[in-house]
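K.L.:
These are the residues of each chain, in order.
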Amino acid sequence: MLRYIVKRIIWMIPFLFGISLVSFLLIQAPPGDYLTTYIATLAESNEVLSQEAIDNLRERFGLDQPLLVQYFKWIGNIVQGDFGMSFEWRQPVSDLIWERMALTLLLSFATLLFTWAVAFPIGVYSAVRKYSVGDYVATFVGFIGLATPNFLLALILMYIGVVYFGSSVGGLFSPEYQNAPWSMAKFLDLLSHLWLPVIVLGTSATASLIRIMRANLLDELDKPYVDTARAKGLSEFWLIVKYPVRVALNPFISTIGWVLPSLVSGAVITAIVLSLPTAGPLMLSALKSQDMYLAGAFVLLLSSLTVVGMLLSDILLVLMDPRVKYD
Amino acid sequence: MKHVGRLARTSAVALLCSTTALFAMDFSEAPMLTEMVEAGQLPPVEERLPANPEVITPIESVGVYGGTIRRALGGSNDHNSILRFVGPQGLVRWNPEFTAVVPNVAEAWEVNEDATEFTFTLREGMKWSDGEPFTADDVMFFVEDLLNNEEFYPNAPARFAIEGERMQAEKIDDTTVRFTFAGPYGTFMNELATPLAQEPVIWAKHYCQQFHPTYNPNVQDLVDATEAVEDWAALFRLRCGEVEAPNRWSNPDRPTLDPWVVTEQAYTAGATQVVMERNPYFWQVDTEGNQLPYIDVFNNIVSQDNQALLLEAIAGNIDLQRRRLDGLADRPVIAENRDAGGYEFYNLTPSASNDMAIHLNMTHKDPDMRAAINDRSVREALSIAIDREEIIDIVYQGVGEPWQIGAVPEHPLYNEQLGRQHTEYDPDRANELLDAAGLDQRDGEGFRLLPNGERFAFNVNYSAETTRWGDALEIIREQWQEIGVDVTSSGVERSIYYSRGEANEHDFMVWTAPGGLDPTLSPRNVMAVHPQASWFAIPWTRWYLSGGTEGEEPPASMQRRYELFEEYKATGDPARQQELFAQIHQIAADEFEVIGITKAPQMTGVKNTRLRNVPGAMPASWMYPDPAPTLPQTYFFAPE
Numbered sequence: 064m065l066r067y068i069v070k071r072i073i074w075m076i077p078f079l080f081g082i083s084l085v086s087f088l089l090i091q092a093p094p095g096d097y098l099t100t101y102i103a104t105l106a107e108s109n110e111v112l113s114q115e116a117i118d119n120l121r122e123r124f125g126l127d128q129p130l131l132v133q134y135f136k137w138i139g140n141i142v143q144g145d146f147g148m149s150f151e152w153r154q155p156v157s158d159l160i161w162e163r164m165a166l167t168l169l170l171s172f173a174t175l176l177f178t179w180a181v182a183f184p185i186g187v188y189s190a191v192r193k194y195s196v197g198d199y200v201a202t203f204v205g206f207i208g209l210a211t212p213n214f215l216l217a218l219i220l221m222y223i224g225v226v227y228f229g230s231s232v233g234g235l236f237s238p239e240y241q242n243a244p245w246s247m248a249k250f251l252d253l254l255s256h257l258w259l260p261v262i263v264l265g266t267s268a269t270a271s272l273i274r275i276m277r278a279n280l281l282d283e284l285d286k287p288y289v290d291t292a293r294a295k296g297l298s299e300f301w302l303i304v305k306y307p308v309r310v311a312l313n314p315f316i317s318t319i320g321w322v323l324p325s326l327v328s329g330a331v332i333t334a335i336v337l338s339l340p341t342a343g344p345l346m347l348s349a350l351k352s353q354d355m356y357l358a359g360a361f362v363l364l365l366s367s368l369t370v371v372g373m374l375l376s377d378i379l380l381v382l383m384d385p386r387v388k389y390d
Numbered sequence: 211m212k213h214v215g216r217l218a219r220t221s222a223v224a225l226l227c228s229t230t231a232l233f234a235m236d237f238s239e240a241p242m243l244t245e246m247v248e249a250g251q252l253p254p255v256e257e258r259l260p261a262n263p264e265v266i267t268p269i270e271s272v273g274v275y276g277g278t279i280r281r282a283l284g285g286s287n288d289h290n291s292i293l294r295f296v297g298p299q300g301l302v303r304w305n306p307e308f309t310a311v312v313p314n315v316a317e318a319w320e321v322n323e324d325a326t327e328f329t330f331t332l333r334e335g336m337k338w339s340d341g342e343p344f345t346a347d348d349v350m351f352f353v354e355d356l357l358n359n360e361e362f363y364p365n366a367p368a369r370f371a372i373e374g375e376r377m378q379a380e381k382i383d384d385t386t387v388r389f390t391f392a393g394p395y396g397t398f399m400n401e402l403a404t405p406l407a408q409e410p411v412i413w414a415k416h417y418c419q420q421f422h423p424t425y426n427p428n429v430q431d432l433v434d435a436t437e438a439v440e441d442w443a444a445l446f447r448l449r450c451g452e453v454e455a456p457n458r459w460s461n462p463d464r465p466t467l468d469p470w471v472v473t474e475q476a477y478t479a480g481a482t483q484v485v486m487e488r489n490p491y492f493w494q495v496d497t498e499g500n501q502l503p504y505i506d507v508f509n510n511i512v513s514q515d516n517q518a519l520l521l522e523a524i525a526g527n528i529d530l531q532r533r534r535l536d537g538l539a540d541r542p543v544i545a546e547n548r549d550a551g552g553y554e555f556y557n558l559t560p561s562a563s564n565d566m567a568i569h570l571n572m573t574h575k576d577p578d579m580r581a582a583i584n585d586r587s588v589r590e591a592l593s594i595a596i597d598r599e600e601i602i603d604i605v606y607q608g609v610g611e612p613w614q615i616g617a618v619p620e621h622p623l624y625n626e627q628l629g630r631q632h633t634e635y636d637p638d639r640a641n642e643l644l645d646a647a648g649l650d651q652r653d654g655e656g657f658r659l660l661p662n663g664e665r666f667a668f669n670v671n672y673s674a675e676t677t678r679w680g681d682a683l684e685i686i687r688e689q690w691q692e693i694g695v696d697v698t699s700s701g702v703e704r705s706i707y708y709s710r711g712e713a714n715e716h717d718f719m720v721w722t723a724p725g726g727l728d729p730t731l732s733p734r735n736v737m738a739v740h741p742q743a744s745w746f747a748i749p750w751t752r753w754y755l756s757g758g759t760e761g762e763e764p765p766a767s768m769q770r771r772y773e774l775f776e777e778y779k780a781t782g783d784p785a786r787q788q789e790l791f792a793q794i795h796q797i798a799a800d801e802f803e804v805i806g807i808t809k810a811p812q813m814t815g816v817k818n819t820r821l822r823n824v825p826g827a828m829p830a831s832w833m834y835p836d837p838a839p840t841l842p843q844t845y846f847f848a849p850e
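First to last, the sequence lines map onto chains S and W. Residue 64 is where the first sequence starts when you use this note's numbering, and the numbers rise one by one after that. Residue 211 is where the second sequence starts when you use this note's numbering, and the numbers rise one by one after that.
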């Protein structure tokens, strides 16, 4: 087991380099560079950027150098822990990403817990009580959750909040804590705001997991080992929890690695609507403005976390599912 | 402009424009500052103000202190929204009407006869927001240590250079400084009033010198210790800010001359709000000697999504805002919630001349297309084949007026021909014109053919963010079908759009046209001068900007306009300046290069009903960064 994990970790290093190169080239693929977008933004407010100023900036940002030179300069600095300067914000990238990544992780984790806490029991219930009233109700609610776009749900909840409760909209913190240093009070404030995005983001994932859980469990429930266990006089609750559920958990665990990237890429619109200070919106704007070091840092971090997440999934799968072998 | 001209003609007369010295005035201050004075944290108000503070006459009444004003910023690249409120506190500023340059940080100035020397008088005893004196040394720091330092500016900044020679400066005494140019620079005072010309007074020497190798020999240690910074210039910009970048608002330690200064809740990428507090050393007072600003706190929430911002507005969480709320589509929703949200509309006159200008590519790479586009009667036909009223009704909800380009009728440079020629809808005449121009052959689908047998068709991209242009192009496509001209359009991402334009690969481009209220500041549609926006002839622009070494030589009429423009820039006499620009406009009107659809529609912003001293109407422009020239430091909340 340990050998397997070490091997996997060693393999991750060239893999991540590959990802970083591909993502850097992809970010560079659209025509133009950060300065093109910058000029476009300025021109929109009728501001003229002189050719000298553009040349100054291009030189300053190193955009006059060949792509591969830019890449190796970037990756070389990252190995030393320096993520470079964000063109758009003119601030070191590392100042911009860590808190956002931390909040993103926190939000992902909370959403994951919420999804599991809801999907797991409902899924088990609707499999065991197939075609009962409860199954239909849970399925119906689940499909609504799946069918409603998250950003729309967010807008509706915000609208209700504004119109009926007079609350401020969006964000993860009350105004007084927004830029305050971390403290217990700030953490509690965060928790009091976290439920809204968690519900919004969790609903669709919940719905699909309910279905997966239900389908998987239904497959298992008719298997001979269940009958055997039942014949041996195991209580119905223990019987289901101990064997078929354990097998049906497979999709829950094997998708852990995807949670983070899907939350960052899939939930961008929701995060924008809710003004969440997470990685998604910043990454989107960095990609739109071709702010390559910032975008690159996010892509790299997300890839790394995905790779780590997949590793975790695999380890957990081995522990949970006796059928999986790791050789 | 008149103001500058009077100075230039009479040469060397010191002016104290709106400011009269009120020596016997008793000054008062905000209660929050009085508390600090009593606690010994601040010197008394008389010592904080300059000897001769600028006295502002509020447009409605003297205000009361207190309150928080709330606005909204976009997620990134919206730093100029802060500038638009806090103001570009430059040496001079625009008057509220956008017709003249008036004193600001400088209380007076003189211009010599040939507009090569500009002498500024600063306010004696004026202080930075940290209480340190502001003197001519700060201005000299910019000119000598930054502007004329090639490590900081490898290429000469256009605004502060003439013929490639950078501006020089000389300190006469602590409150007097003289700028010298290598040649006449008649438009310098206007340039100084624009929002990005604040460099001479943005960098406090006593603070920023620690990042400059001339003053801190150990600056390299700081560079090494700072992540992502490679040289002192980058460090300087990171810590001391730039005129045009978010990092200008990211460092609470940086002293400023602004009415509000940024707090620990600064504008960084993680920020969800940016909070600024009053500058206790702000150098303006009202007519009763109350130190400005009236409002204690300036708070910007960061809202990335326009719909979320709209919600904030109708919830009454925005006190004064136009940007991102001025879309025509949002107006009914905002209007409906006025009472509940406790806000009202205020009007803005856009400085733009046309909301949708069609730049036919006069320098098209295909010779047959080029020949067709360069035929004036073809352009006339294309213009009169557009039913502008229909577009205005459908796309602009009836708000608009058929219009080409050029100054609005209220402006002294208004040219009726430039603005209104060929705006009548007349497809029959358009067909006649095209037949006469030799485009009388048609293909099986009824579309006209170019002499080479190809269809006379335009493949057009537009910036996908601006959906109204896509809608209007669809209508134009149908209208042009009637005269046998084909248009296919597709929305693309903005930088792709720009790249295509700069590569001169477009048939035509669509963009707003500036120049309604600011024709001399943004002449890019009457002359090919803007490398990123004079889309009708990018190669001519290159030729002009490179002094004839790149691009393509433009025809005589364009070269004539360049000559007039050069003369305009070099002359200090406003009457002569106006005459020269009128000639440029007349040539542009005769050439008729750019086709417009509708005059830029009036805009509205939302304003808290309790907010006072806000004009009911003001220009909306970047060059006049609304609302800053109407002096938000005089805004106040009427007591409930």
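In case anyone wonders, no lab produced these hints; they're calculated from the structure. Hints are not guaranteed to be accurate.
Partial selection, computed: residues in chain W whose CB lies under 10 Å from chain S [said to hold, decoys possible]: (1) Asn305; (2) Thr309; (3) Ala310; (4) Gln430; (5) Leu432; (6) Ala444; (7) Arg447; (8) Pro456; (9) Ala743.
Bear in mind the structure is a predicted one, so any value in this text is a computation, not a measurement. Glycine residues also receive a C-beta, built at the ideal position from the N, C-alpha and C atoms.
K.L.:
Would you mind marking each hint as holding or not holding in the structure?
P.N.:
Here is what the structure says about each hint:
A distance limit of 10 Å between C-beta atoms decides the matter here; for W:Asn305 the minimum to chain S is near 20 Å, and the interface restraint is violated. For W:Thr309, the shortest C-beta to C-beta distance to chain S is roughly 18 Å, which exceeds 10 Å, and the interface hint is violated. Contact between W:Ala310 and chain S, as hinted, is not supported at the beta carbon level, the nearest pair being about 20 Å apart and thus beyond 10 Å. Restraint check, W:Gln430 versus chain S: the minimum CB separation of about 16 Å is more than 10 Å; hint violated.
A least Cβ separation of about 14 Å between W:Leu432 and chain S goes past the 10 Å threshold, and the interface hint is therefore violated. At about 7 Å, the closest approach between the beta carbon of W:Ala444 and any beta carbon in chain S falls short of 10 Å, and the interface hint on this residue holds. Taking 10 Å as the C-beta cut-off, the interface hint given for W:Arg447 holds, the closest approach to chain S being about 7 Å. Taking 10 Å as the C-beta cut-off, the interface hint given for W:Pro456 holds, the closest approach to chain S being about 5 Å.
Using the Cβ-Cβ criterion of 10 Å, the hint placing W:Ala743 at the interface with chain S is satisfied: the shortest such distance is roughly 5 Å.
Checked against the numbered hints given earlier, the structure breaks hints 1, 2, 3, 4 and 5 and satisfies all the rest.
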